[in-house]
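**Q** Single-letter residue listing:
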Amino acid sequence: MRNLAPVTDAICKTTDSAGAPRAHESAAKHVSGKAFYVDDIIEPRGTLYAAVGYADIARGHIRTLDLSGVRSSEGVVGVLELDDIPGITDVGPVFPGDPLLSADEIRYAGQPVFAVAAQTELQARQAVKRAVIDCESRAPLLDVEKALNEKQFVRPSHSMRRGDARKAITEAPLRLEAQQHVGGQEHFYLEGQVSLAVPAEDGGMLIYSSTQHPSEVQKLVAEVLGIPVNRVTVDMRRMGGGFGGKETQAAPWACLAALLARKTGRAVKLRLPRCDDMPMTGKRHPFFNRYEIGFDLQGRLLGAEITVTGNCGHSPDLSDAIVDRAMFHSDNAYFIPDVAIDGHRCMTNTVSHTAFRGFGGPQGMMIIERAMDDIARAVGRDPLDIRKLNLYGTKGRDLTPYHQQVEHNLLPELIDQLERSSRYRERRAEITAWNAKNRVLKRGLALTPVKFGISFTLQHLNQAGALIHIYTDGSIQLNHGGTEMGQGLHTKVLQIVAETLAVSPDQIEITATRTDKVPNTSPTAASSGTDLNGQAARNAALTLKQRISECVAEQKQVAVEAIRFTSGQVFWSDNESMSFAEAAQLAYLNRVSLSATGYYRTPKIWYDRESAKGRPFFYFANGAAVSEVVIDTLTGEYRVLAVDILHDVGRSLNPAVDRGQIEGGFIQGMGWLTTEELKWNAEGVLISNSPANYKIPAVSDTPAHFRVDLFKRDNEEETVYNSKAVGEPPFMLAISVWSALRDAIASLADYRVSPALDTPATPERVLGAVTETRKQAAEKGAI
Amino acid sequence: MEYQLKINGRMRSLNAEPGTPLLWVIRDELALTGTKFGCGVASCGACTIHLNGNPTRSCITPVESAVGGEITTIEGLDDPISAAVQSAWREKDVVQCGYCQSGQIMSAVGLLRQNPRPSDEQIDSFMSGNVCRCATYVRIKDAIKLASDTLEA
Chain A
1 MRNLAPVTDA ICKTTDSAGA PRAHESAAKH VSGKAFYVDD IIEPRGTLYA
51 AVGYADIARG HIRTLDLSGV RSSEGVVGVL ELDDIPGITD VGPVFPGDPL
101 LSADEIRYAG QPVFAVAAQT ELQARQAVKR AVIDCESRAP LLDVEKALNE
151 KQFVRPSHSM RRGDARKAIT EAPLRLEAQQ HVGGQEHFYL EGQVSLAVPA
201 EDGGMLIYSS TQHPSEVQKL VAEVLGIPVN RVTVDMRRMG GGFGGKETQA
251 APWACLAALL ARKTGRAVKL RLPRCDDMPM TGKRHPFFNR YEIGFDLQGR
301 LLGAEITVTG NCGHSPDLSD AIVDRAMFHS DNAYFIPDVA IDGHRCMTNT
351 VSHTAFRGFG GPQGMMIIER AMDDIARAVG RDPLDIRKLN LYGTKGRDLT
401 PYHQQVEHNL LPELIDQLER SSRYRERRAE ITAWNAKNRV LKRGLALTPV
451 KFGISFTLQH LNQAGALIHI YTDGSIQLNH GGTEMGQGLH TKVLQIVAET
501 LAVSPDQIEI TATRTDKVPN TSPTAASSGT DLNGQAARNA ALTLKQRISE
551 CVAEQKQVAV EAIRFTSGQV FWSDNESMSF AEAAQLAYLN RVSLSATGYY
601 RTPKIWYDRE SAKGRPFFYF ANGAAVSEVV IDTLTGEYRV LAVDILHDVG
651 RSLNPAVDRG QIEGGFIQGM GWLTTEELKW NAEGVLISNS PANYKIPAVS
701 DTPAHFRVDL FKRDNEEETV YNSKAVGEPP FMLAISVWSA LRDAIASLAD
751 YRVSPALDTP ATPERVLGAV TETRKQAAEK GAI
Chain B
1 MEYQLKINGR MRSLNAEPGT PLLWVIRDEL ALTGTKFGCG VASCGACTIH
51 LNGNPTRSCI TPVESAVGGE ITTIEGLDDP ISAAVQSAWR EKDVVQCGYC
101 QSGQIMSAVG LLRQNPRPSD EQIDSFMSGN VCRCATYVRI KDAIKLASDT
151 LEA
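Line order of the protein sequences matches chains A and B.
Residue numbering for the first sequence follows the UniProt record's numbering, beginning at 1 and increasing consecutively.
Residue numbering for the second sequence follows the UniProt record's numbering, beginning at 1 and increasing consecutively.
Be aware that a few hints might be false.
What the hints assert, rightly or not - Taking lysine to any residue pairs in the SDA-like style, the calculated list, with each CA pair at most 25 Å apart, reads: (1) A:K545 with A:N722; (2) A:K556 with A:N3; (3) A:K29 with B:K145; (4) A:K679 with B:A42; (5) A:K129 with A:E105; (6) A:K34 with A:R514; (7) A:K34 with B:E70; (8) A:K29 with B:E91; (9) A:K29 with B:G129; (10) B:K6 with A:S32; (11) A:K29 with B:R90; (12) A:K29 with B:I81; (13) A:K34 with B:G40; (14) A:K34 with B:N54; (15) A:K34 with B:L51; (16) B:K145 with A:P703; (17) A:K29 with B:W24; (18) A:K34 with B:S87; (19) A:K695 with B:S128; (20) A:K34 with B:I81; (21) A:K29 with B:R113; (22) A:K34 with B:G129; (23) A:K34 with B:P80; (24) A:K437 with A:A749; (25) A:K34 with B:E29; (26) A:K29 with B:N54; (27) A:K712 with B:E91; (28) A:K695 with B:G40; (29) B:K6 with A:I42; (30) A:K388 with A:A749; (31) A:K263 with A:D83.
Claimed, not checked - Rough simulated footprint, nothing fancy, chain A against chain B, three-plus residues with beta-carbon under 8 Å: (32) 86-94; (33) 98-105.
Calculated from the structure, these hints are not laboratory results.
For every residue, glycine included, the Cβ atom is placed at its ideal position computed from N, Cα and C.
All chains should be built: construct the whole structure from the sequences, respecting the hints.
**A** This is the structure in C-alpha cells:
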C-alpha cells in the first residue's frame, strides 16, 4: 500500500494480559446474540439441506435397500449411497471400522446407510422416512461382561506391570476384591453436530464444521472426495460445546455434506436434529472394572491387580488411547508397590464410543477410589486417612505403574490445606452426631483427590502451530491450531500474545481456526489446547518482537538489547519511545516482514508401549474436593449439600476462565456419576434419546455451598507462563460426590460394610445399596 | 401462508406453512440467529424468546400463535432490566461456549420482570428449564442476583 493508516500513540492498558481474569474474548457478542456458530453463517445462494437415513437394527445385514420413494420425494435434489463415494469409504480416525455409509453389514442401531439433500431441511427429513431398508436381523451383543468372556475386542488388550502383584497380594495380611460398572455419558453439547460444505474451484471444498479437529475433517473430506488435502479448507470459529464429542464425531457429517455438495454442485448443510444426534454419535465409554488388592492392617496398599474394560461399541475409534488413559489413571494418586494393570477394549453392537472430557481417565480412577473406601471399611478407619496413607510420596514411593516418576508432588500439601479449609474433621464429627439423631436421612462426606496426566499419550500429537500478522495500523491478527469450544482457549492465547508484545488485548483479533492458516493441527483435546497453542503463539510473537526490535535498533542506532516493549510502546532509550503501531509502520517501510509462524512441541515426553514404560506425561495437574450429601434411606433420593474444591492450575493464565472450568467440570462430572443414565433396549436401540429421558444437571442441581479455590503454585515444568492445563482434571473431582454417597450408605452399618454402588448412582441404585448394606450389616451383626 | 409478525418492535411479513415453529421463522426467514436450536422439544431452553414479555420456547410455538403478539429476541432486548442482565452476565464472566446463553438471558430477564428480588429457590425453579452443558450455573445465579441488586440501587 502507498498510504498508511494514521496511528495514535496512546499508552495502552495491558493490565489484563496473562494472569488477569480478562473476560471471554466474545463476551459482548454472546450476551447480545451476535456470536456466530456454523448454523448462523449466512448461507450461499441455493444451499441445500441434508438428512441421513440409518438402520434401526443393531446387528445384521441389509437384504434390499429401496430408495425410489426417497428419490421421488418432494424437494429432493440428490441422494448419496455407498457406491457414490469416489474416494475412501471408511472414516475411522485411527483404525478402520467406521464406514461412512453401509450397504451391507449393520453393527449398531443408528448406522448411516444413505444421505439426502433437498430444498429444505423438512423435505430432506421427510424424504429419509420414505426409504425401505429390509434387514436380516441378528441378536445384538450388548453385554460387556459377555463380550469380555468371549474376547470380542475391537483392539488388542494391553498390560502394565511393575513388581510381582500376585505375590504381594497373596502374602498381604488383608485382601479384597470387587468389581464395578461405570456408566457412559452423552455429550449433550447444546449445539449439535453441524457442517456446511461449499463447493470451490478445482473440485475443492470449503467446509464450515463444528469440530475440535479441523485438520482431520480436512483430511477425511479430501479422502472421501478422492482429492489432495490442499483442495479442502476447514473453517471453525467456535463450537457450542464439544467436550470430546466433536473430536472424531464431527467428521462423518462434514464428509456427507461434502459428498452431497460434490454431487449436486451446490452448498449443502447437514445439521443433525437432536433425535438423530443422540443415537448416531459416540458417547463416553461405559466401563467394567475389577480389582484384587492386598494391604496391611493400617490400610496401606501392598499389591493390586486392576482390570479396566471399556465398552467401545462397534469399532475402535479412539478406544486404544482411551482405555490406555483409563489404565494410566487407575492408580489415580496412589502408590502401589507391586501392580498389574490390564486394559481390554470390548466390542458391542452400539454406536462407537469416543472421547469425552477425561478420555477414559475418570473411568479408570473410579476403581482405585472404590478400593480406597473399601480398605477404609475393612480396617475401620476414615477413608481420608487411607487416601493420605497411600498417596505418592518421596523416593521409593514415587513410581507409577508405567514407570514415570511422580515429580513436584503437590497432593499431600494440597489435601492437608483442603482438609483444614473445608473443616473436614469437624464436619465428620458433626455428621456422625447428626446421623445418630436422624433415622431416615443420613449424611455422607468424602474427600477425593485427582492427579491427571497432561499430554497426548500419542506422542506426535504434542505439537502446535500459530500464525500472527501485524498490520500497518498496529492491529494484530492472531490464529492458532486450537479450537474454541467454551474453554476460554482463545481468551488465554490472546492474553499470552498481548503480554509478549506488551500491547492491549483489544488490539488483537483472534480469527476462526482454519486449515489454510495453520496446517496439520492436532485436535483440541487432552486439556492441552493452551499448553500447545499458547506456546506456539508466544513463539510467533517473540519472532515478530525480535524483528521489530532489530529494525528499531538499526534506525535509532542503538543495540538491539536496548529495545523494550512496554504498555503499547517500543522504547529505544529510557525516555524515548514510539507506539507499537509506529514501530510496525517503521518495520513495514524498512521492508521487514510483519507476519510470522510459531511452532511448539512438548519436551521430555516418551512412552514405549511395547514395554509399557516411559514418561507419557509432561506433568500432572492436581486437585481435591470435599463433598457432603444427604440421602433419604426410604426412597434413595439425595442432595449434594456442600462442595469445597482446591485445584492446581499452576500459575493461572486467567483465574476467571480457570475457575469456570473447575465449576463446570465438577458439575458435569457430578451429572455423569448421578443422574445421566444411558439406556439401550434389548434390541440395542438407544432409548435415552432426548433431554426428556436423559437428565443432565440443571441450575437446581448446583450445590448450595460451592467453593472453589486455586492452589497457588507455579508449574515447575516450563509451560507457558508456568500455567497448567485445566479442561479435564476438575471433571474427576466429582468422584467425591459418589464417594460421599457410599459414605452415607455405609453409615447404616456403622461403616463396617462398604456398599457397592455402580454409576450413575441414581436414586434407584442408592436405594438398592441401602437395602443391600442393611442386609450385610444384619449378617455381620453390625446393627 | 403469509403472516404479519411484530418482532423486536417492527412489523415483518413472511411466508410460512401453518404450524411452522416460530424458531424456524425467526432464524431462517428473519435471519435473527441469536436464538438457537437445541433440542426441538422444549426441553433445553436454547430457543427461549419473549412472547408478550413472557419467556417462551420458540421451537414448539407455532408461527400462527404469535400473530398479534409482541415477539422479542435477544437482538431486540432494549430496556433497563435487559441491560442490567447483559451487563451482569459480562461482569460475572458467565459465558463459556455461549450456545445456551441467549436463552438463559431471555429467561433471566423474564424472571426479573416478574420478580425483581428472586430467592435462590425461585431462581432454581424459574431457570431449571434452561440447561447449560458447560454448567455455568453458579455464575448464572450470581449474575441474576447482581442484576437484581443493580436494578434496585
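**Q** So, for every hint listed, does it hold in this structure?
**A** How the hints compare with the structure:
For the suggested pair K545 of chain A and N722 of chain A, the alpha carbons sit about 21 Å apart, so the restraint of at most 25 Å is met. With a C-alpha separation of about 23 Å, the suggested pairing of K556 of chain A with N3 of chain A holds against the 25 Å cut-off. Using a Cα cut-off of 25 Å, the hinted pair K29 of chain A and K145 of chain B holds, with the two alpha carbons roughly 22 Å apart. Of the supplied pair hints, the one linking K679 of chain A and A42 of chain B holds, its CA atoms being roughly 21 Å apart against a limit of 25 Å.
With a CA separation close to 20 Å, the supplied pair K129 of chain A and E105 of chain A stays within the 25 Å bound. The suggested pairing of K34 of chain A with R514 of chain A holds, with an alpha-carbon distance near 21 Å, which does not exceed 25 Å. Distance check on the hinted pair: K34 of chain A and E70 of chain B sit about 21 Å apart at the alpha-carbon level, within 25 Å; holds. Restraint check: the Cα-Cα separation between K29 of chain A and E91 of chain B comes to about 14 Å, which is no more than 25 Å; the hinted pair holds.
Using a Cα cut-off of 25 Å, the hinted pair K29 of chain A and G129 of chain B holds, with the two alpha carbons roughly 23 Å apart. Our distance criterion of 25 Å between C-alpha atoms is met by K6 of chain B and S32 of chain A, whose separation comes to about 20 Å. Of the pairs offered as hints, the one joining K29 of chain A and R90 of chain B holds, with about 10 Å between alpha carbons and a cut-off of 25 Å not exceeded. Taking the CA atoms of K29 of chain A and I81 of chain B, the gap is about 18 Å. The hint holds against a cut of 25 Å.
Distance hint between K34 of chain A and G40 of chain B is fulfilled; the C-alpha atoms sit about 21 Å from each other, no more than 25 Å. The suggested pairing of K34 of chain A with N54 of chain B holds, with an alpha-carbon distance near 22 Å, which does not exceed 25 Å. The straight-line distance between the Cα atoms of K34 of chain A and L51 of chain B is roughly 21 Å, inside the 25 Å bound, and the hint therefore holds. Taking the CA atoms of K145 of chain B and P703 of chain A, the gap is about 17 Å. The hint holds against a cut of 25 Å.
At most 25 Å may separate the alpha-carbon atoms for a hinted pair to count; K29 of chain A and W24 of chain B meet this at roughly 21 Å. A C-alpha spacing of about 15 Å is found between K34 of chain A and S87 of chain B, which places the hinted pair at or below 25 Å, so the restraint holds. Simply put, K695 of chain A and S128 of chain B have alpha-carbon atoms about 12 Å apart, close enough for the 25 Å limit, and the pair holds. Straight-line distance between C-alpha atoms of K34 of chain A and I81 of chain B comes to about 19 Å, which keeps the hinted pair within the 25 Å bound.
Restraint check: the Cα-Cα separation between K29 of chain A and R113 of chain B comes to about 23 Å, which is no more than 25 Å; the hinted pair holds. At most 25 Å may separate the alpha-carbon atoms for a hinted pair to count; K34 of chain A and G129 of chain B meet this at roughly 23 Å. For the given pair, K34 of chain A sits about 20 Å from P80 of chain B by alpha-carbon distance, which is consistent with the 25 Å threshold. Between the alpha carbons of K437 of chain A and A749 of chain A the distance comes to roughly 15 Å, so the proposed pair stays at or under 25 Å and holds.
Only pairs whose Cα atoms come within 25 Å are accepted, and K34 of chain A paired with E29 of chain B is accepted, the gap being roughly 17 Å. The straight-line distance between the Cα atoms of K29 of chain A and N54 of chain B is roughly 23 Å, inside the 25 Å bound, and the hint therefore holds. Using a Cα cut-off of 25 Å, the hinted pair K712 of chain A and E91 of chain B holds, with the two alpha carbons roughly 24 Å apart. Taken as a hint, the K695 of chain A and G40 of chain B pair is honoured in the structure, with Cα atoms around 16 Å apart against an allowance of 25 Å.
Of the pairs offered as hints, the one joining K6 of chain B and I42 of chain A holds, with about 23 Å between alpha carbons and a cut-off of 25 Å not exceeded. Between K388 of chain A and A749 of chain A the alpha-carbon distance is near 24 Å, which keeps this suggested pair within the 25 Å criterion. The suggested pairing of K263 of chain A with D83 of chain A holds, with an alpha-carbon distance near 12 Å, which does not exceed 25 Å. Under a criterion of three residues with beta carbons nearer than 8 Å to beta carbons of chain A, the stated coverage of the region 86-94 of chain B is upheld, 4 such residues being counted.
Given as covered by chain A, the region 98-105 of chain B passes the check, having 6 residues with a CB less than 8 Å from a CB of that chain where 3 are the minimum.
Checked against the numbered hints given earlier, the structure satisfies every one of them.
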